[in-house]
Structures are given as C-alpha cells and as structure tokens.
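J.: The chain contents come next:
2 protein chains.
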Amino acid sequence: MAEISDLASFSKKVYPALREELQKDIAQAGDHNTPELLDMVTYQLGWTGENAGSKAEGKQLRAVLTLLACEAAGGDWKDALPAAAAVELLHNFSLIHDDIEDQGETRRGRPSLWKVWGKAQAINTGDAMFALANMALLNLADTVSTKAALQAGALFHSTCLRLTQGQHLDISFEKEIEIDLETYWKMVGGKTAALLAFCLQVGALAAGTDLEVQAHYRDFGHYLGMSFQVQDDILGIWGEADRTGKSITDDLVTRKKTLPVLYGLAQEKSFYKIWSEEEITPENALQLAEILQSEGGRAYAQSTADRLTDLALEALEKAQTQGTAGEILKITARNLLQRSN
Amino acid sequence: MAEISDLASFSKKVYPALREELQKDIAQAGDHNTPELLDMVTYQLGWTGENAGSKAEGKQLRAVLTLLACEAAGGDWKDALPAAAAVELLHNFSLIHDDIEDQGETRRGRPSLWKVWGKAQAINTGDAMFALANMALLNLADTVSTKAALQAGALFHSTCLRLTQGQHLDISFEKEIEIDLETYWKMVGGKTAALLAFCLQVGALAAGTDLEVQAHYRDFGHYLGMSFQVQDDILGIWGEADRTGKSITDDLVTRKKTLPVLYGLAQEKSFYKIWSEEEITPENALQLAEILQSEGGRAYAQSTADRLTDLALEALEKAQTQGTAGEILKITARNLLQRSN
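Chains as they are written, first to last, in this note's numbering: chain A, 53 to 393; chain B, 53 to 393.
By construction, these hints were calculated from the structure, which means they are not laboratory data. Treat the hints loosely; a few may be bogus.
Each pair may be met inside one copy or between any two copies, as identical chains are not told apart.
[Stated by the list, open to error] Dumping the calculated PhoX-like pairs for lysine-lysine here, alpha-carbon to alpha-carbon at most 20 Å:
#, residue 1, residue 2
1, Lys-64, Lys-325
2, Lys-238, Lys-325
3, Lys-227, Lys-171
4, Lys-227, Lys-167
5, Lys-76, Lys-65
6, Lys-65, Lys-308
7, Lys-199, Lys-227
8, Lys-130, Lys-76
9, Lys-321, Lys-107
10, Lys-167, Lys-370
11, Lys-65, Lys-111
12, Lys-130, Lys-238
13, Lys-325, Lys-76
14, Lys-111, Lys-238
15, Lys-199, Lys-64
16, Lys-227, Lys-370
17, Lys-65, Lys-130
18, Lys-370, Lys-325
19, Lys-382, Lys-227
These figures come from a predicted structure and were not determined experimentally.
Using the sequences provided together with the hints, build the complete structure.
T.: As structure tokens, then:
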C-alpha cells in the first residue's frame, strides 16, 4: 500500500471492490418479477435515482473501517469484503427503518426511501436489505474457516439485536422525562457503538487473529463509537460556535435527550427548570445553551468524550496494529475523535 | 411415540419444549434496560397482555411441522428445536410488519402490536424478532455439524429474502391492474410456500439427511404452501357456502388479486367487465362470485389446488418418511389440502 497514506486514499482504493461485492449480493433481490425491489435497494445505496452519486452513497465509513481493520491485523482486506458488504447493507436497512420511525424525510440530500415509495414498501425493503446483509456475511465462508464464519454470524446477529435495543430506547426517550445515565449509555451502545465494534472485530477475524486480538479491535470500535456519539451530542448544542455542520441548538429545540442535557437535568438548577417548564424555541435556545454550559453540561460531556477517546486509543495500542493500515486507523481515530486537549 | 397419533397430540407433546427454547432465545432481547422490548416480543407471541393464551399464541404450525419433519426423517425432534424456534420468531416478525403495512388492526383476536405500542416501536420490535430468529437458528450448531449449521443459515437467509419478495409483490398488486400468473405464483411462493419449504427441509437437515432427501421434504413444503394458498383463495370468495371461517366474498369486496380472480380477468367476459367498471359491494359481490364461477374461475382454481396437492403428496412419497411421524405428516397434508375429489 505504498501510495495509500490516509483514510481517503484507502477508501478510494477499496470502493470499486466493495461495490462489486455489494452488486453481487443485492442481485439476488431482483429477478425479473421483482425489478422494483432492486430499484429501491440501489436507490437506498445511492446508486440510482435522482442525484445518485458519491453524496447519495455516503462515505461507507463502517465498511471501510472493516477492511482497514483486516489489513491492520495482518490480513488482506479482500478477505473481509463479505463482512464489509454485510455491514453496509445492515447500516442501510437500519437507516430505512429509522427514517420511517422518526418521520425523517431526507437522507443524504435526497428524499428518504419511504417518501418515494411509501411506508409499506419501505418497511419491506428494509427487511429485504436485512436478509441481504445476512446472506452477504455468509460469503465469509469462502475467505475464512467454517468455524470463523459461524462465529462472525453469531457476532453479527447479536449486533443486530443490540441495534434494535438501542433504537428501542431512542424511541422511548422521546416520551420519558427522567432518563438515567446507564440507560443513555445502553442506547448509545446499541445505536452507534455496537456496529462499529462489530466492524473492527470482524475485520480482525477475517485476518485470522485469535479472540484476544479481536477483543482489542472490538473495544477500539466500541469506544470509538461511544466517543463519537458524545461529541455529536456536544456539536448538536454548541456546534456552530466551534465548527460548521449542524445548526446550533437544534437538539435543544427538538428536546433530544443527549448527554449534556441529561447532566444538566440532573443538576436540578436553572437548566432543569426551563427545560421542564418552558417551550424551547430557536429564540430562547441559545440562552439555554449558555445556561447549560455555565452549569457544567458542556465540560462534563467533553471530559467524558476525552476519556472515551483515551480508552479507544488504548485498545488500539493493545491491538498492536501493523503497517500503513494500522497508522491510518490511528490517524482516523484521532480525526474522528477531535480531542479538546 | 406410542400415544401420539395426530398433529394435535404431537403438537401438545412438543409445545412445552418449544416454549422453553423460545424463552431462552428471547431472553436476550430484554435486559434490565429494555424490559419493554421483551414485553412487546412476548405480547406478539401471545404469552402476555390481555387475552394471552392458546388463541393468542396460535397453532405454531410451522414450528410443529419442522419438528415433525425431523422425526419423520429418522431424527429426534429435539435436535430441530433451534430451527423450529427460529421459524416461529421469523413468522412473528413478518406478521408484525405485515400488520403495519396492511393497516391490520387485529391479530389472533387481539389488537396488533402497532395498535398497542405505535408504529415506530412495532417496526423496531419486528426487526428485533428478526435478529432473535437469526440468533435462535445458530443454536443448531449444538445439535448438527458446523457445516450443516452453516447450510441451514444459508437456507434461512435466502428464505427471508423470498418472504420479502413475496410481500413486495403483494403490496404492488394492490395498485396494478394487470397481473400475470407467473407473478402471482412468485408472490404465493414467497408469501406462503418459501417458509413452509424451509421448515420441512431444515427438519430433515436436523435429522442428518443428505441434500437429496432434504429436497423431497423441501418440495413437499413448497407444494403444501402453494396448494394451501390457492384453497385459501377459493375460500375467500366461496367460503361460507361450503364451510365456516372467512366471510363470503370478502376477497372480492377488497379486490384481492387471487387466483380465481386472475383467471376470471383473463377471460375478458362479464366478470372482467364488472370488475373493471363497477364498484364491488357486499351487495353485488355474491352475484359476481356466481358469474366468476360460471366463467370457470372456481373450477380452474380447484383443479390447480388438486394438482399442487398431488405434487405435495408425491414429494412426500419420495421422501420415504418413517414411523408415526411420517404418517402424521401425510394425514396433516391431506387435512390441510382438503381435496375436492
């Protein structure tokens, strides 16, 4: 990998093979009786429909990290392609259903699948992509031992369950007023960290590493996901002040139960009082963000994110990654987890 | 199995073990952070909530047939328990999503899951049960060889895809006016026959039979499902005249594209004219059913069902079933497929 020095160049190198693998997998969805089912799948993947292309496809970060982990663990990234394709299909299945559950009307700059084809077809297409993900993973049996393929299946299916547990809590959070931190972590663990943990572990598995090494990769993915989510929570309230991206205070107006908010509520001071008694509008949200910051919500979340980042990097250290891929993994982690110090 | 002589007594014998297996599988859904997710799963299974009990549980026919096939193929039905539980979980996942997609408000005499918990949670709980089904199947690795467990996984996942293809066509049928018979068979194959084919094949697989024997069991399940669906189509239009159950002409009023209807439309006679031009009400549906019968729709469907029944019984003959379980399978097939001659 002489010319490959960062995530972008590694991604560019693996995209064609990943797409070929995905094409092979999803071809099974559309025979001549069900061409429209395949149309929906390729729309979701960003390959077809209006504004198809790289923005609609997304960065496929999870799939790329899977391949990178395989290489960093001493394997050939091509051996992890079935797992990377499975991860990408699973992620897209969950996006389809999330968009229906949250009434999300756009996804990667285009109308969500359900906005184009209706909810009934969209729910079912999500199910089809879930099945395709399971089928895609089975191709690991061609690149790893039968035993390792079965182990990967077990990991994958329990990861899927954790995703649904996280989503269950996320939906429940909208109604509940009091949420304890343990439940928050369980939600984040399922929604964000479980799939990343799987990606990193299965990459190492495809490289033929033993369970101990796999566990370090898994932990790295887990803490990477956790830290990433907490930083996303921070950006959702104080984002614009620091960098572009999310609209400032968006998460306050929609009353999202993020980590800074949970911390602020637990203090039972001014933030708690305003949150409990007043409507939050784009007008008063800025002031509320300031109050939350003055009551320690931002500092608490940032120090938590830093601690999780440290844990992620420690796990990566223990994994004893190899070569350029290992370096890229470290740099990627640091970039994703922009530390405050 | 001295005291076991029919499907009912076999079911009664295996229900406790099946329930125990399911309990073990679904326990993974609900830790102390997500007890409500487990509540939804057990509600869907008919174990909890108002009017919980045998009616809400359903007959679990697919799981019972899986166990029966294992025994008929010379195995011990207990070895097929992981597959039977997986099938039951998969079937219930598909019911949850079907009820949302079709706006079905009741299921087994109780409010559908989405009527109780809302659509967002219900979609997600369906996904959770899909994941639980995949996890349940993995336990086959304890009762069969690693290779056979992987084969069962491949069969299961492609069956899931066929279910979604069938459902895709079923939803599409509501809008389309012209449907060819090939597409109808593809729909029925996915909606009804694919899962039954899997049940019978995986039962034989768990008994340790080879692919050739498994194929006979699979074909039996496939034709059983196809014939069953066509008979259901007939009962949906002319049911009450012959036996109790469905309300007569229900399928005509809701304009369901069943086999007799497709046959009638293809004749382009009176039935076609009325279907295309008039509203169908409970008042004129009875007359329309008579017209469809006089134009050959009922006879065509019945002879098709009879032919499919013959194919099912032929496949069962080739499977060379053993002992009492084999006899029960034959009797069950004949009962399910009530022949017209």
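J.: It remains to establish, for every hint, whether it holds in the given structure.
T.: So, going through the hints one by one against the coordinates:
no.	hint	in the structure
1	Lys-64 - Lys-325	neither (50 Å within a copy, 58 Å between copies)
2	Lys-238 - Lys-325	neither (26 Å within a copy, 59 Å between copies)
3	Lys-227 - Lys-171	between (23 Å within a copy, 14 Å between copies)
4	Lys-227 - Lys-167	between (25 Å within a copy, 17 Å between copies)
5	Lys-76 - Lys-65	within (19 Å within a copy, 44 Å between copies)
6	Lys-65 - Lys-308	neither (38 Å within a copy, 50 Å between copies)
7	Lys-199 - Lys-227	neither (44 Å within a copy, 46 Å between copies)
8	Lys-130 - Lys-76	within (15 Å within a copy, 37 Å between copies)
9	Lys-321 - Lys-107	neither (43 Å within a copy, 52 Å between copies)
10	Lys-167 - Lys-370	neither (46 Å within a copy, 49 Å between copies)
11	Lys-65 - Lys-111	within (13 Å within a copy, 53 Å between copies)
12	Lys-130 - Lys-238	neither (33 Å within a copy, 35 Å between copies)
13	Lys-325 - Lys-76	neither (55 Å within a copy, 45 Å between copies)
14	Lys-111 - Lys-238	neither (26 Å within a copy, 36 Å between copies)
15	Lys-199 - Lys-64	neither (32 Å within a copy, 36 Å between copies)
16	Lys-227 - Lys-370	neither (41 Å within a copy, 57 Å between copies)
17	Lys-65 - Lys-130	within (11 Å within a copy, 49 Å between copies)
18	Lys-370 - Lys-325	neither (45 Å within a copy, 75 Å between copies)
19	Lys-382 - Lys-227	neither (39 Å within a copy, 52 Å between copies)
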